[in-house]
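Chemist: Residue numbers (the numbering used here), protein chains in the order written: chain A, 3 to 746; chain B, 110 to 284.
Calculated directly from the structure, the hints in this document are not laboratory data. It is possible that some hints are incorrect.
Taking CB as the label site, the calculated pair distances span [stated by the list, open to error]:
no., chain 1, residue 1, chain 2, residue 2, range
1, A, Asp667, B, Gly207, 38 to 44 Å
2, A, Gly732, B, Gly156, 57 to 63 Å
3, B, Ala126, A, Ala591, 34 to 40 Å
4, A, Asp141, B, Leu185, 53 to 59 Å
5, B, Gln166, A, Ser143, 38 to 44 Å
6, A, Ala70, B, Ala126, 26 to 32 Å
7, A, Glu73, B, Glu252, 46 to 52 Å
8, A, Pro94, B, Arg138, 31 to 37 Å
9, B, Arg138, A, Asp433, 42 to 48 Å
10, B, Gly207, A, Thr733, 29 to 35 Å
11, A, Asp433, B, Glu252, 17 to 23 Å
12, A, Ala687, B, Gly156, 31 to 37 Å
13, A, Thr58, B, Gln166, 16 to 22 Å
Chain A is nowhere near these chain B residues, computed Cβ spacing over 12 Å in every case [to be verified]:
no., residue
14, Pro127
15, Gly178
16, Gln190
17, Ala237
18, Asp245
19, Ala277
We put the CB at the ideal spot given by N, CA and C, even for glycine.
Here's the letter readout for the chains.
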Amino acid sequence: MSTVESRDVRGSRDAAPVIGTGMDRVDGARKTAGAAGYPSDVQLPGQTHAALVQSTVAAGRIRTLETAAAEASPGVLTVMTHRNAPRLPDGPMTALGASPPAPLRDDRILHHGQHIALVVAETPEQAAAAARLVRVTYDTSDPVLGLDDPRAERMDNPWGMDADRGDPAEAVRTAEAKVSGTWTTPDNTNNPLGLFATVAVWERDALTVHDSTQWPTMGRVTLAKVFDVPESAVRVLAPYVGGAFGAGLRVWPHVILAALAARVLRRPVKLVLTRAQMFTSVGHRPSTVQHLTVASTGTGELVALDHRCTSGVAMEDDDFEPCAATSALAYACPNVITRDVQLRLNIPDPTSMRAPAVGQGNFALESALDELAHSLSTDPLELRLRNYAAEHPGNGLPWSSNALRECYEAGAERFGWSRRDPEPRSMRDGDELVGYGMAGVSYPWYAQPCKARATVNSDGSAFVRSAATDIGTGTYTVMTQVSADTLGIPPGRVRFDLGDSDMPQSPQAGGSGLTGALATAVRDACRGVLGRILDLVRDDSESPLRGCTIGDVTVGGGRMHLRGRPAEGESYADILARHGQVEVTADGASTPADAAELGMAPAGAFGAKFVEVRVDADLGVIRVPRVVSAIDGGQILNEKTARSQIIGGTVGGIGQALFEETVTDAGTGRIANATFGDYLVPVNADVTQMDVLFVGDPDRATPLGTKGVGEIGLVGIAAAVANAVHHATGTRVRSLPVTLDQLL
Amino acid sequence: MAEALSQRRAAGFAPEAPVELHVNGRRHRLHLDARVTLLDALRDSLGLTGTKKGCDQGTCGACTVHADGRRVLSCLTLAAQCEGREVTTIEGLTAPDGGPHPLQESFVRHDAFQCGYCTPGQIMSAAALLEEGRADSDEDVREFMSGNLCRCGAYTNIVAAVRDVAAAGGADASV
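Please work from the sequences and hints to get the whole structure.
Modeler: Encoded structure:
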């Protein structure tokens, strides 16, 4: 299925490398046995159970709040509201923006579904039953809900990422061809299968929280500030997370509430969100209205790009969603303007959802380019190739890696793009109209500092750890591989652990940035251990390795030997035993690549997506029988899990393209489809052939050559589907999801 | 577990009833709030947390278990309804020799999961498909596994994993 470019990026070793191979997941046996412990599986002695009461209006103030009946209900231990809850400070600024405001601050209602009380009882049934007994009345005001509401407070350039190059207005005016239009994307909800859960327990002044988070390190910092305790007194645990797709990037109000209740009651508190609460409590991909103009020469060379995007954010919260900004870096185009605008609305706060901002912005950009190609009678693939950005469009530096051309070429070949008749409605198979569509993707580079710790034990096994998370991405497995190859210890004797804020600090699983940052830190820690083992034998007359540096030795099979002289070496176990060491440990770290220092622009992943759609000629039913994704992900650490990331993202992209739309009632701000029965996501029958090709070389900006692949799988699918639907039917759909009613 | 039960009693709950559950070949005598679902009884009272709650509304399939050999959504089944029925959960799913069920190994080999949360339900559904003879084509597996949502999007690998076991002879296969 896939081809993986490999090169020796691991230093000197003499066993077959496991990096790049499709090693089975190291946590696979536990997950398939039901033995992996997710936060919702945690049960502590004396544990109590909490249930949320949420606002049923979108704006106003609480007039009356009657809790007596709930408090008198069997098993109820407390009912916390803004009237009796201790005031808490907001969490700190994070790498992704401000923390959510503290819960239960006052009587104001800012969105439908806002938490207004927490009921804690001995059992989940008692808590849920009592929560229904809390009586609330409101003084309501007219909520600001739509991106077209003139009352909405407007924030221009909220992330300082607006781009200006050249003179786009003049270039558009004089261009030989142009496409101008408005594209819209709806609210989507992350909806991981795992209901978000928090189990909080205080022991004296120390807080332990089991939580559905992608970022234990940030959780610890945040909870320490909110509860005014030292960071060392807070521990956040997330060894397994039932998916998150961005929803786990923040310490949400319900997490604070659970920890607060546990402190008040001096007992463990468990809070598991309901599926409906997953729509209002842990973020969503915000809807966008995007005005976009692309202009070109008569032969399709882009001369101007003008992309303006408006999205919503909660009244007093934060979200990073620069949808237009990423268009400035996708193509070689001399005249560019991007403008991102956020409007304050009475909505639950949006947050990152797989490929945040890029997922929405790419739909408009790649749809517009398809329209431009069609207007010029140019093959859409050819149009992309003509506008390939050989250098980084923002700073003009050479890319640290860029195989986007190869993505286009290899993907087109695999897909059979040359069989495409350019005329819309020209390809038919029985009752079905057949359409081919494609899109390109340039995913932004992202990196954060990361730390890891590695230990070689006296029995020759290794233990490597960092406070990262594995939300299904394969982090446990690929970091086991990196550790095994760097230390020269078979993967079966390496334990990589994560999901614990007591471990060395890690950035979030997000932004497609974890693998690069963590792999570099893990490698650094493992090399540190090798150095310390060599320190042990520096003056050891019994060791053939005495006086050696790391450059003099080769590792493999749990031992080190002199380069090119396999007989002259010894095992780690022997060295540690002779020197009376139980273990040898070293810390490692990584820092983000610096473009100026490198003289290169660090590159994210690139991709080309090719999609076949079939549209029932009479009924308009749309199917996606076939997707080819050609991805430049740099050095692929594990062919199997990386491929799963791409196909998983592709399924998410099919959801965005055809199914997913969170519907908010225009009058009340209530989410009208907050169930899996009403909010449609792809099911098994919606997904058939998924082909993934990995192309390109290891990236030059990271020691292991990796680039993140967690998000690029999703991006481009929506545009490629919409473009294929146009090819099949002749109908342009500029509004997601593409549904059959738009084709009739 | 005993402590949780005593807490429930201490809470003075009226609608509590004795329930005898047969799960994975073992008998459990419980006193349960009459509102407790089979899912919550398995997870909270018996500590069998392999069965997952994804929606509590019968729409995601994560809570799929077998009752008398048939797939049921344990979130839509009251524990009290299961008296006298043989319930099998992911913890009780094994090959005839007592080792891992071939589906469990096949799911790992085909990387048929990512976060793993829906996986016990997927495997329980797949095991039923094998018994029902509904795993003879990719199309059948896709159709009859469509009640089990996977938000990570592992569907194609799930189909491959199930088909591999079906082709090798189903649950009795030594794969």
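Chemist: Range first: 29 to 35 Å. Now tell me if the beta carbons of Gly207 (chain B) and Thr733 (chain A) are that far apart.
Modeler: violated, 58 Å
Chemist: Range hint 38 to 44 Å: satisfied by the CB atoms of Gln166 (chain B) and Ser143 (chain A)?
Modeler: violated, 32 Å
Chemist: In this structure, is the beta-carbon distance linking Asp433 (chain A) and Glu252 (chain B) contained in 17 to 23 Å?
Modeler: holds, 20 Å
Chemist: When you take the CB atoms of Ala126 (chain B) and Ala591 (chain A), is the distance between them in 34 to 40 Å?
Modeler: The hint (34 to 40 Å, Cβ to Cβ) is violated, given that Ala126 (chain B) and Ala591 (chain A) are roughly 58 Å apart.
Chemist: Confirm or reject the claim that Asp141 (chain A) and Leu185 (chain B) have a C-beta distance inside 53 to 59 Å.
Modeler: Check failed, 39 Å falls outside 53 to 59 Å.
Chemist: Would you check whether the claim that Pro127 (chain B) is not at the interface survives, using Cβ distances to chain A and the 12 Å cut-off?
Modeler: Label holds. Min Cβ-Cβ 17 Å, cutoff 12 Å.
Chemist: Taking 16 to 22 Å as the stated bounds, is the beta-carbon spacing between Thr58 (chain A) and Gln166 (chain B) within them?
Modeler: Holds, at about 19 Å.
Chemist: Using Cβ atoms and 12 Å as the threshold, tell me whether Gly178 (chain B) really stays out of contact range of chain A.
Modeler: holds, 19 Å
Chemist: Is the Cβ of Gln190 (chain B) more than 12 Å away from each Cβ in chain A?
Modeler: Per Cβ check, Gln190 (chain B) is outside 12 Å of chain A; nearest 16 Å; holds.
Chemist: For the hint 38 to 44 Å, verify it against the beta carbon of Asp667 (chain A) and that of Gly207 (chain B).
Modeler: violated, 54 Å
Chemist: Regarding Ala687 (chain A) and Gly156 (chain B), is the given constraint of 31 to 37 Å on their beta-carbon distance met?
Modeler: holds, 35 Å
Chemist: Is it the case that Ala237 (chain B) keeps its Cβ farther than 12 Å from each residue Cβ in chain A?
Modeler: The claim holds: Ala237 (chain B) sits with its nearest Cβ about 15 Å from chain A, beyond 12 Å.
Comparing the model with each earlier hint shows violations of hints 1, 3, 4, 5, 8, 9, 10; every other hint is respected.
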